[in-house]
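Line by line, the protein sequences are chains B, D and F.
In terms of UniProt numbering, the first sequence has 59 at position 59, counting the first letter as 1, and numbering is strictly consecutive.
In terms of UniProt numbering, the second sequence has 44 at position 44, counting the first letter as 1, and numbering is strictly consecutive.
In terms of UniProt numbering, the third sequence has 176 at position 176, counting the first letter as 1, and numbering is strictly consecutive.
Derived by calculation from the structure, the hints in this document are not laboratory data.
Hints may contain errors.
To be verified - With a cut-off of at most 25 Å between alpha-carbon atoms, the simulated DSS-like pairs for lysine-lysine come out as follows: (1) Lys-217/D - Lys-67/D; (2) Lys-112/F - Lys-52/D; (3) Lys-156/B - Lys-3/B; (4) Lys-52/D - Lys-210/F; (5) Lys-156/B - Lys-129/B; (6) Lys-129/B - Lys-110/B; (7) Lys-73/D - Lys-63/D; (8) Lys-65/B - Lys-185/B; (9) Lys-112/F - Lys-63/D; (10) Lys-271/D - Lys-63/D; (11) Lys-156/B - Lys-65/B; (12) Lys-112/F - Lys-67/D.
Unchecked claim - Listed next, with one range per pair, are the computed distances between beta-carbon atoms: (13) Ile-76/D - Asp-73/B: 33 to 41 Å; (14) Pro-84/D - Ser-187/B: 26 to 34 Å; (15) Ser-168/F - Trp-81/D: 14 to 22 Å; (16) Ala-251/D - Asp-109/F: 53 to 61 Å.
Computed from a prediction, not measured in an experiment: that's the story for all the values here.
By construction, the Cβ of each residue, glycine as well, lies at the ideal position given by its N, Cα and C atoms.
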Amino acid sequence: MPKLALHGVEKRFGENVVCDGIDLTIEEGQMVCLIGASGAGKSTLLRCINLLEPIEDGEILLDGKDISLPGLDPQPVRRRIGMVFQSFNLFPHMTAVENVMLAPRRLYRKSRSALLPEVTELFERFGLKERMGHYPDQLSGGQQQRVAIVRALAMKPEVMLFDEITSALDPQLVGEVLDVLRLLKDSGMTMVLATHEMAFAREAADKVCFLKDGKVIEEGAPEALFDAPQHPDTQAFLARALK
Amino acid sequence: MTHDKAAGKTRRQIHEDRLRRRALRVAASSTAAVFLAIFLLVPMAPGWDRVKASFFNWEVFVKTFPKLLDAFKLDIAIFLWCAPAITVLGLLIALARDTRNPALFPLRILGAAYTDIFRGVPVVLTVYLIGFGVPGLGLPRPWNSPYIWGSLALILTYAAYVAEIFRSGIESVHKSQRAAAASLGLSDGDSMRFVILPQAIRRVIPAQMNMLIALQKDVALLSFIGPVEIFRQAGVFKSLMANFTPYVGAAVIFLAVTIPATRYADYLIAKQNRERS
Amino acid sequence: MSKHLLAATAIAALSATTAFADGHCADGKTLTDGALTIATGNPAYFPWVLDNAPESGEGFEAAVAYAVAAEMGFAAENVTWVRSSFDQAIQPGPKDFDLNLQQFSITEDREKMVDFSAPYYAAPMAILAAGSVADTDTSIAALQGLVWGAMGGTTAVPVLMETIAPSSQPLLYGDNADVTAAMQAGQIDAALFDLPTALYLSAVVVEGSKVIGQFPADRTENPDRFGMLMEEGNPLKACVDAAIDSLTETGKLAEIEAQWLQQTTGVPLIK
Ligand SMILES: Nc1ncnc2c1ncn2[C@@H]1O[C@H](COP(=O)(O)OP(=O)(O)OP(=O)(O)O)[C@@H](O)[C@H]1O
Ligand SMILES: [Mg+2]
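Extracted from the complex, chain B is given alone in its bound form (with noise of 0.2 Å):
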């Protein structure tokens, strides 16, 4: 049984349709990789899997639940889909540490004490211990997307979804926030990323999907997709990306 497995997702803003019946399957520590030119509906796509937009048609499946079902509570799903965001992912008022403790405070019940060395771990782990007691506005823009993924791993996500988390950041920072990922791969985070870095996605993806117009128009493993793309739509997106 895959992880997660979308099935005719349909997500619609009034007349815009977004995402256009869109099917995807994804393995336990799959990482899958949405490409696509802007306003393909990538980020869209990682919001409906995040519950945090209400899908029109379709199901979405997590461990072969559909956890899509209008009138489901969103939040239980939620603890266990981690997400990053392109910006504005810190909460600027509390500490980097603080940021991470917020949420298993508050549904676990948990003290700060109790959490500080989970927590702390955590941060080591990404080399990001001295930065605890910071202010997002402290950090720079490559540490920050780097707390926002610790404090999504601090409430035990099974999967872990990014929206362009490294496009917002300065070339130099990028490297930085790719390494993460990597580490997280190999420690079987299942995850799904919405991304510009073609290199990345050709060197650490399990699959690729080529997205358009809200349609999944081609997927596969990264290097048949990027060395021999099947449809015109792909190539011509990829001979633009990969200029």
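Starting from the known structure of chain B, fit chains D and F with the ligands onto it as the hints suggest.
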């Protein structure tokens, strides 16, 4: 260049110092000219002696000032019990208007109607209507006190403004902060309480400071329904002595409070602008 | 009433002609030559002015105004009415009236800033009590326990503070209407007014209220003598004083008082 540095200043700094000194000289002389005009020309106006005798009468000032100061204590007391109530009520209204829970829909409508009405009516009318009107329904003492109902009028009016400011603060928090909180599994309530509100409140503190300053002045409106606070006390002196100096005394006392407060609010705003850029 | 008014008009017409023939005292001293501009309150209240229409000459102050004008040599049609608040009356600078009468009490402090004519009326202060306390004993001790109100701009305030010295801080208001509103709302038990006003309010405005006492005139330093207010140093003052003195001597003033303020007797004195 090198020996400029030896003197502790670069060429540019020396140039800027020269400019600054010149600007200072110009500012000083123009200020002096304006003050000279005020202090020499105004007293030369034909009516100045009358104006002085009736607005700036030292004898009257000395006689009435201590009692005015005493009456001002009542203003402070009214302010002190109104301000927290306004903050709490304003916040509750802002939250009610933000709520998306359908069960609370009536609250949302009421919240909108409430802010429209109380912001649309002059405060003094509200003070009259509530201050005389509600007790007129036949409440027994002490529940018909003008202090209670007058304060309530102030609280209701100011909470309407304060709520709108809170709401604008809540709306100014980027919506992805809500998404980030939700994606962690936080409930709407937790997300509001721990993520949105702290940021919103911080942003609107300077604006709310200005509301408090306005409130401090509007406390005087309670005098219309009986309480002898500084404005009424000054009015009594004015009538008995046929002299406006007590009003000047009251203004001095108000300014002693509001100028530092206004400066502080401006400082907070400037600080916030600096931080944002 | 018509008899009186006729008489007043007749006197006015008569003295007007003689006065102009003589070159009267007020010549050239008024705002407008040949006319007398008189201010009253806005609105003007019963029994001082009837129906807020001083032009009718009805009501005590309206009648006094016409009598004084006639005495000074102004025919009724040469009297112009304007309205003014207390603040307008005392503010420095040129005034838009020659005389201003709206129950202004003559006080030493006020006289430093403005001029007052000789008094045209001396009213005692009286206590208007709400229905709920209408049978309060009129001893000072009993009165002290009441919640008091008064109009903030009047000499009622010092009388209240010095003579009664209430045990709780009195509530003060901007005008008589607010004092009565507070009494009707049950926020105050009693209020101080000049006697004619108190009688009017109890009879017409505040249901169930009663005038429970008046202060003897010698109790305080004559706080209740009403004078016509003029700009400080107004040369007209001598003429106005002469007119009022003459009206007092001839009994004309008493006559007007009897006509408009006759019911002011029969209220117990407070000792
Ligand atoms: N909240 C919304 N309301 C209305 N339309 C929306 C909303 N969010 C997204 N859209 C629309 O949905 C479409 C897909 O947007 P989406 O952000 O998912 O694209 P994307 O593939 O992530 O693009 P990018 O690479 O620029 O991030 C766009 O046309 C966008 O305008
Ligand atoms: Mg996107």
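Verification of the hints:
1. For the suggested pair Lys-217/D and Lys-67/D, the alpha carbons sit about 18 Å apart, so the restraint of at most 25 Å is met.
2. Under the criterion of a C-alpha separation no larger than 25 Å, the hint pairing Lys-112/F with Lys-52/D is consistent with the structure, at around 13 Å.
3. Among the hinted pairs, Lys-156/B with Lys-3/B is consistent with the structure: their alpha-carbon atoms are about 15 Å apart, no more than 25 Å.
4. Between the alpha carbons of Lys-52/D and Lys-210/F the distance comes to roughly 44 Å, so the proposed pair goes past 25 Å and is violated.
5. Between Lys-156/B and Lys-129/B, the direct Cα distance comes to roughly 19 Å. Compliance with the 25 Å bound is thereby established for this hinted pair.
6. At most 25 Å may separate the alpha-carbon atoms for a hinted pair to count; Lys-129/B and Lys-110/B meet this at roughly 21 Å.
7. The straight-line distance between the Cα atoms of Lys-73/D and Lys-63/D is roughly 18 Å, inside the 25 Å bound, and the hint therefore holds.
8. At roughly 24 Å between alpha-carbon atoms, Lys-65/B and Lys-185/B fall within 25 Å of each other, so this suggested pair holds.
9. Taking the CA atoms of Lys-112/F and Lys-63/D, the gap is near 15 Å; set against the 25 Å cutoff, the hint holds.
10. Proximity of Lys-271/D to Lys-63/D is assessed by CA-CA distance (about 42 Å); at most 25 Å being required, the pair is judged violated.
11. Taken as a hint, the Lys-156/B and Lys-65/B pair is honoured in the structure, with Cα atoms around 19 Å apart against an allowance of 25 Å.
12. A C-alpha spacing of about 21 Å is found between Lys-112/F and Lys-67/D, which places the hinted pair at or below 25 Å, so the restraint holds.
13. Look at Ile-76/D against Asp-73/B: about 50 Å separates their beta carbons, and that is not inside 33 to 41 Å.
14. The hinted range of 26 to 34 Å is not satisfied by Pro-84/D and Ser-187/B, whose Cβ atoms lie roughly 51 Å apart.
15. At about 19 Å, the beta-carbon gap between Ser-168/F and Trp-81/D stays in the expected band of 14 to 22 Å.
16. Roughly 21 Å separates the CB atoms of Ala-251/D and Asp-109/F, a value that falls outside the hinted 53 to 61 Å.
Hint compliance for this structure: hints 4, 10, 13, 14, 16 are not met, and every other hint is.
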